[in-house]
Amino acid sequence: MTPEIPFYMVLGLVIACALGAVLLRGYITSIIVLSIFSITVTVAFAFLQAVDVAMAEAVIGAGLMTAIFVTAISKTRRRS
Amino acid sequence: MRPRHLAGIALAVPTAFGLAALLLTEAVVTSAPEGPAGYYLRNSIADSGAINVVTTVLLDYRAFDTLGEASVILASVAAISALLAGSKPERTEQGLSPLVQTSIGYLAAVFWIFPVYIVFHGHLSPGGGFQGGVSLAVLVILVYVVFGSTRASQHLTPSLLHGAESASALGFLLLGTVGIAQGFAFLANAAAGFPTGEPGRLVSGGVIPLLNLAIGIKVAAGLGSIYLDILSADDTP
Amino acid sequence: MMQQATYVTAAVVFAIGLYGVVTHRNMIKICISLSVMESAVVMLFVAMAYRPGATAPIIEDDAVAYVDPLLHALSLTAIVIGAGVISVALALTVVVYRHYGTTDIRVVFRGQR
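From first to last, the protein sequence lines stand for chains S, B and H.
One point on numbering: in this note's numbering, the residue at position 11 of the first sequence is 211, and numbering is uninterrupted.
One point on numbering: in this note's numbering, the residue at position 29 of the second sequence is 97, and numbering is uninterrupted.
One point on numbering: in this note's numbering, the residue at position 7 of the third sequence is -12, and numbering is uninterrupted.
Just to be clear, a hint being listed does not mean it is correct.
Claimed, not checked - Some chain S residues well away from chain B (every beta-carbon gap over 12 Å; in silico):
{"#": "1", "residue": "I205"}
{"#": "2", "residue": "P206"}
{"#": "3", "residue": "F207"}
{"#": "4", "residue": "Y208"}
{"#": "5", "residue": "M209"}
{"#": "6", "residue": "L213"}
{"#": "7", "residue": "I228"}
{"#": "8", "residue": "I236"}
{"#": "9", "residue": "F247"}
{"#": "10", "residue": "V251"}
{"#": "11", "residue": "V270"}
{"#": "12", "residue": "T271"}
Said to hold, decoys possible - These stretches of chain H come out as covered by chain B in the derived footprint (C-beta under 8 Å, 3 or more residues):
{"#": "13", "stretch": "-15 to -3"}
{"#": "14", "stretch": "44 to 58"}
{"#": "15", "stretch": "61 to 75"}
Calculated from the structure, these hints are not laboratory results.
Just so you know, even glycine gets a beta-carbon here, dropped at the ideal spot from N, CA and C.
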């Protein structure tokens, strides 16, 4: 099988995850979907032979930005 | 459907179609890389001895751009410190359960291996200072989440991170002035007498592994202190 | 074909992020949409660097063609700077919440507590 069919499936997942991250309600849901979006973008970059960029996107998008977003959300929420 | 949703759709749909049409008609490339990129691909090994061309572009041919990029990180750390100034650090968080703390305490020694490997093999394999530095910053965040800010800030203090960031920035600049001292350009690599070594070995690429180490420490300390600044922000409205 | 498909995907993802930036009123949601837009731009760079049949730009003996390393270096820089930019935006959000007690951006425009 050519590598193109799985690549198109990954691109479909990228669009679906972008829609989910932007349109879903709830902060935590959006951020989890955003980190899944980063992982799917990473897979697409690996298909496109951009290994350095794929590694940077995985580490920053799925690791660091998730932590910073969750911390910022916990700082903008009323203590009950 | 509120008016702003209609306005958003009216803005987004033409953008999608216009961008796609523009890219499909103008930007489809099939020829081999030419211009500067072709030069980098042909001469990377002869000029610097590093086999990863992306690292060579970042830290040899365009190392001055990388210095500017690192100073953008420094600027954002300074901006966040200034924005969140006057907030006292929150010292009530206790961290996770003792079981998690003990196991992570042993495993953290193992977790060091991956970022350090990525940083030191930046000129041989995918990765480099940026990726390894961000992994180190994630390790700092892990220590703070698991052990709580009370215990973690006793050992991994914010001033330690700031000191590491300043020291690595100074190290980058000093490595750059070696080229000037010998009469060549700022951040010169092989021309300034750094040994290029045998391509594919760990000790090769001249100054590139040292610059990778400086960038890695700088990115790790910068992004880690950004996280600590946001974590210790005062959140009472 | 992989290059064209990635171009279309990058355009669509950019438009989705633009829709989110325009329609959302919560500053954290705007930051999430900005992050999506930034990933779309990086996808565009990586797709421009791709050549059919080429391999990653790590010099080997048995490789015939390489993808463009210059665009990879540029997008690597763009990713790290994007993380810094979004962190500054989130710090601004925290400051706005501390000052106004909400993260709704209309309150900031009106300028009243």
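Hints, verified against the model:
1. I205: 21 Å, holds
2. P206: Label holds. Min Cβ-Cβ 20 Å, cutoff 12 Å.
3. F207: Its Cβ never comes within 12 Å of chain B, the nearest being 17 Å, so this holds.
4. Y208: Fine: 15 Å to the nearest Cβ keeps S:Y208 off the interface.
5. M209: Label holds. Min Cβ-Cβ 19 Å, cutoff 12 Å.
6. L213: At about 18 Å from chain B, S:L213 clears the 12 Å cut-off, so the statement holds.
7. I228: S:I228 clear of chain B: closest Cβ-Cβ about 16 Å, beyond 12 Å.
8. I236: 17 Å, holds
9. F247: 14 Å, holds
10. V251: Nearest chain B Cβ is 4 Å from S:V251, so the label is violated.
11. V270: 10 Å, violated
12. T271: With a cut-off of 12 Å, S:T271 comes too close to chain B, as the shortest Cβ separation is near 5 Å.
13. -15 to -3: Our answer is that it holds, as 9 residues pass the Cβ test (under 8 Å) against chain B, meeting three.
14. 44 to 58: holds (count 11)
15. 61 to 75: Contact hint for the stretch 61 to 75 of chain H vs chain B: holds, 11 residues under 8 Å.
Consistency with the previously given hints fails for numbers 10, 11 and 12, ordered from lowest to highest.
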